[in-house]
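Enquirer: Take a look at the letters that make up each chain.
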Amino acid sequence: MSILEGLRLAVNGLLSNRLRSSLTMLGILIGVSAVILLVGVGNGASVAVQQQIQSLGSNLLTVFPSNARSAGGVQQGFGTGSTLTLDDVKAIANRQTSPDVVTAIPSAGGRAQLTYSNQNWNSSLTGTTQDFPTVRNYQLASGQFFNSGDVDAASKVAVIGPTVATNLFSGADPIGQVIKINRQSFRVIGVFAPKGSSGGFNNQDDIVVVPITSAWNYLLGGRGRNVQQIYVEATSADATSAANTEVTQVLLDRHHISDPTLADFQILSQQDVLNSASQTTGVLTLMLGAIAGISLIVGGIGIMNIMLVTVTERTREIGIRKAIGARRQDILLQFLIESMFLSGLGGALGILVGFGLARVLPVVVSALPTPVISTPSVFLAFGISVGIGLFFGLYPANRAARLRPIEALRYE
Amino acid sequence: MITLEGIAKVYRTGEVEVVALRGISLHIPEGEFIAIMGPSGSGKSTLMNLIGCLDQPSSGRYVLDGYDVSALTDDQLAWIRNRKIGFVFQSYNLIPRASAVHNVEMPLIYAGDNQQRRERAMAALESVGLIQRAGHLPSELSGGQQQRVAVARALVTDPAILLADEPTGNLDSESSLEIMKLLRDLNQQGRTIVLITHETDIAGFAQRVVRLRDGVIVSDERQSVATEMVR
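If you read the protein sequences in the order shown, they are chains A and B.
The first sequence maps to residues 1 to 412 in this note's numbering.
The second sequence maps to residues 1 to 231 in this note's numbering.
The following block holds chain B by itself, in its conformation from the complex (with noise of 0.2 Å):
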């Protein structure tokens, strides 16, 4: 599903150089609930760019589902993020001035895919158990429920991975429990999820950790996953 092979990125500020990551190589197979962990500056950040499609290595290969991303356009790796990829963000990122439903209906209308867009997208919600809040602002929601809103518009277009980048981070404990739950889920839906956090306890819901310190990985190791959550 994917494939990492001796991925580098190099940050040129000025004429100073800052080596974010230095040689990254992982396979990450269908159906894995893989969990990167790491210290701030340790390079997750740059890492989760990368396979989110977001930014382009500085050298090696990036295959994710058959197609190497390393070489493509701007236009083209939108298409891949629109399609291939759902993201869930620390900050939520709904856009405020659009309801849930609306919000969730986005990536469809960039993919161009019209047909039954309002059903899928209501369908999504529903997924998430947010369905009668569809017509409501973001601003109207609460954090949690804002974030299964952002759950439910990275699973509309029914992508190869879920890339969720420290989802709980701006969350209560109850509300972070639900979104961890609603993840291992759709993990056990067959769905690839692939979880940014620097939280040992939500990293415990995922079959798999990599750890990253200084741009490489330092263990990666397989675990059994956890239910609950302990704090």
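Chain A on its own, in the form it takes in the complex (with noise of 0.2 Å):
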């Protein structure tokens, strides 16, 4: 018997009792439509996430002072040394000795307190070089950033984020107005285009950037010309690690230290950021593929049920089937191409449902994180669907191909 014989046979046998095939192919259709929306999910909220992170730069390198030491051998918080110079900036961005690297900047801030006219406003204030736009994936709305020229004879210029120029100039044109941070006057010569990153804690649309040099001269006064940070653009997110490496052997060799562990810097790259949370999505989604598998389960077992009673049922067509010359297969492949058929359809209906509601829940739901459908996935719940047919079919048609004849043919 062919193949496309047993497959006519299937869709006549299916035909002939429609709500029955229906209603265990139902089964087959919410578990497939399960997994394919919720794994959707699960990657649409790694996407948002990697998103967010890559917005950062995936090819950037932060650069930490190791915690300070008092006399004592008091270990203080994480970054607090004071051991990074403007000059290990300059020696990292030598491409000679590091030819990953693109270029690094400098960051001294904190907190700032901003006024203008009646307005204020608290923002995060950022010291650094020219280089900081490349460097930080910032763009510019309007104006210009400042250049080296403006770094090296400390002018007191600043660029600022669309949120400081909502809160500070409520929609009128920030360039060329003097505002004051903490008491000091700067003029602002441009404004960020937003990064679109969430709002709250971290808001990277939330900053007023200066020269670095300015910085030390009029805002961070008291605590030296130290470097907190140092950012390290990479040449791509590949070359990070090498960049790594060099930016290591630069600074350890710089501050003459022979033995790598008692390093007084510490090195973050944002590929590590983006690998950890990689990680915690690819748990997730695999948790929500999980659960949406066992409604696939439960669907495959209602399809081994139905099986088993059509075999029943069919007793007797069995024994007519085997009088008249069926082998053990050929049952065995009929009712098997049944189930196969069964959930191979119902799957292929799920995917399409799935694909719906994927479309439609996020409109429904906003909080849901838009569903990320990959193919590899689609044809992975196919095959599992039909792989389902195959295995939960296997024990009915196996019966029913096992019926000996003179009894199938007496069955009633």
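Calculated directly from the structure, the hints in this document are not laboratory data.
Even glycine gets a Cβ: it sits at the ideal position worked out from N, Cα and C.
Fair warning: there could be bad hints in the mix.
Computed Cβ-Cβ distance ranges for the label pairs, DEER-style [to be verified]:
#1 L394(A) <-> V63(B): 35 to 43 Å
#2 E412(A) <-> V63(B): 31 to 39 Å
#3 S173(B) <-> R20(A): 22 to 30 Å
From chain B, some residues computed to sit far from chain A (all C-beta separations above 12 Å) [to be verified]:
#4 V16
#5 E30
#6 G31
#7 G86
#8 E119
#9 G144
#10 E174
#11 V225
Per the computed footprint, the stretches of chain B lying under chain A, defined by three or more beta-carbons under 8 Å from a beta-carbon of chain A, are [claimed, not checked]:
#12 49-59
#13 72-82
#14 97-109
If you follow the hints, you should be able to join the two separate chains into one complex; please do so.
Expert: This is the structure we're talking about:
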């Protein structure tokens, strides 16, 4: 008996009991669409988190000074040391010793109180150099960023984030206006474009950026000319680990440290953050998939149940087929194709429903991340549903194939 | 064509042994129309199952068209049933969801014989005079017509023997006569026919009548062939 013949028999058999076939198929349909949708939601969450981290620059390394130790050996908090200098930044940015580094910028700052006219706003102050926008992925909405001349001259100029612009100027054009930062006058020369990151704790749009020399001279008085962080831009996301090694070597040499475990700095790569975030969202996706998978198994048991009923109902037909020459494998194939067709069709419809729900659900429930459905997961879901038909159809089909013809013929 | 030598069949249900056949020896030459008769419990159904290769004897030897059937596997038996035997059952045993012509085709499907399958099925239907009913479902046919479809299905693989088990048991006398005439015509064309029945007038169509009682042959006689039924 050919597969085509078997398929024709299967369709014929399923059509003879439409309600039962569709209800059985519904079990698989719900299972598959749940898998597609929930895995899609998991992937969507993962993509959203990754995008957020990547907006910081995925080829970014951050160098922190190590913990400061007071004279008595008391450890202070992370990044409290003052071992990094502007010369370290220049050395890191040297392409001869560190070919995988595009450039490096220093950063020093803190919270700052801003006032303009009768408005005031508390924001995050960063003192840095002219390469800040490229390294940190900032675009300018209007005006311009300060140049190296401003850094050398310690000009009192500032570039503000869109959140600051809205709160201080409420719609008016900030370019050329003079604001007070911690009671020092600074001229606004540029406004950043929004980065679209989430609000709250770490809002990347709520910043004010000035030349690091100006910050040292006028704003961070009394804390010395130390660099709190160095941002290093690697040539690509893949080059971050090579850049990491190079930066480590440059700094160890400059700080005269021979044992890397005693380094007075720490390097955190954005890739590390990304990896750990992906790991977390990966576990989330797996968990959602597993929950949906349970419903798929329940659907499979439904198929097995119905196939057992079908085999019992068609005992006489099986007897007739055997009497006129059907072999065991013919009967086995007939019922296997039937259960696989049932689950495969249910799976295919489930994929369509899953796609539909993935479109509709984020519109209805806005808190959900936009589901991302990958093509492999669709093929996998279809393959698994056919496999479930095979697995759960095997026992009933085998039972049918083993029926003895005389007993099957006598069955009423 | 068919040779049975010392065939015995014992059924075991739990601890009870039921002896259905005790040493049957029978030779049926090619082209014969033989009727096997006996009251219920005589073992004629068991004999029919053995001749039809639906069951295996407990002891004895059975040779069908040169094949020693007593020592074959399930799949080999399926092949023998498919190629060598055409069944006609009392209750027609057509597949209810399949049209007449599809029912007739079915043995060819299992034979893996796809050459001119539809044509051969139509030819078989024509030989039983039902070509105009080819597309009908069994439920749309009368009992006599269904039995003729069953005969066509039995003939389609051109088997060595036609095994008819009470073929008229569910039919009125007019349809019964039609079926018996059909079987007689097939026999006259050279078909070997084994008919199982408990009705004397049906057995009248056969050239030879074997009577069973309590699992043994009690008589085996030739007779002149009837042309009409006496009821």
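Enquirer: Run every hint past the structure and note whether it holds.
Expert: Here's how the hints hold up against the structure:
1. Taking the beta carbon of each, L394(A) and V63(B) are about 38 Å apart, inside 35 to 43 Å as hinted.
2. For the pair E412(A) and V63(B), the beta carbons lie near 34 Å from each other, so the given range of 31 to 39 Å is met.
3. Between S173(B) and R20(A) the Cβ separation comes to about 41 Å, which falls outside the hinted range of 22 to 30 Å.
4. Every CB of chain A is more than 12 Å from the CB of V16(B) (nearest about 18 Å), matching its label as outside the interface.
5. No beta-carbon of chain A is positioned within 12 Å of the beta-carbon of E30(B); the least distance is around 21 Å.
6. Even its closest Cβ contact with chain A, about 23 Å, leaves G31(B) beyond 12 Å, as expected for a residue assigned away from the interface.
7. Residue-level check failed: G86(B) sits 9 Å from the nearest beta carbon of chain A, not beyond 12 Å.
8. Listed as a non-interface residue, E119(B) keeps its Cβ farther than 12 Å from every Cβ of chain A; the least gap is roughly 17 Å.
9. With a closest Cβ-Cβ approach of about 19 Å to chain A, G144(B) is found to remain outside the 12 Å limit, as its non-interface label requires.
10. No Cβ of chain A comes within 12 Å of the Cβ of E174(B); the nearest lies about 26 Å off, and the non-interface call holds.
11. No beta-carbon of chain A is positioned within 12 Å of the beta-carbon of V225(B); the least distance is around 28 Å.
12. Here's how the region 49-59 of chain B fares: 4 of its residues keep a CB closer than 8 Å to some CB of chain A, so the rule of at least three is met and the hint holds.
13. With a cut-off of 8 Å between beta carbons, the region 72-82 of chain B has 6 residues touching chain A; three or more are needed, and the interface restraint holds.
14. Counting residues of the region 97-109 of chain B whose beta carbon lies closer than 8 Å to any beta carbon of chain A gives 5, which meets the minimum of three for the stated coverage.
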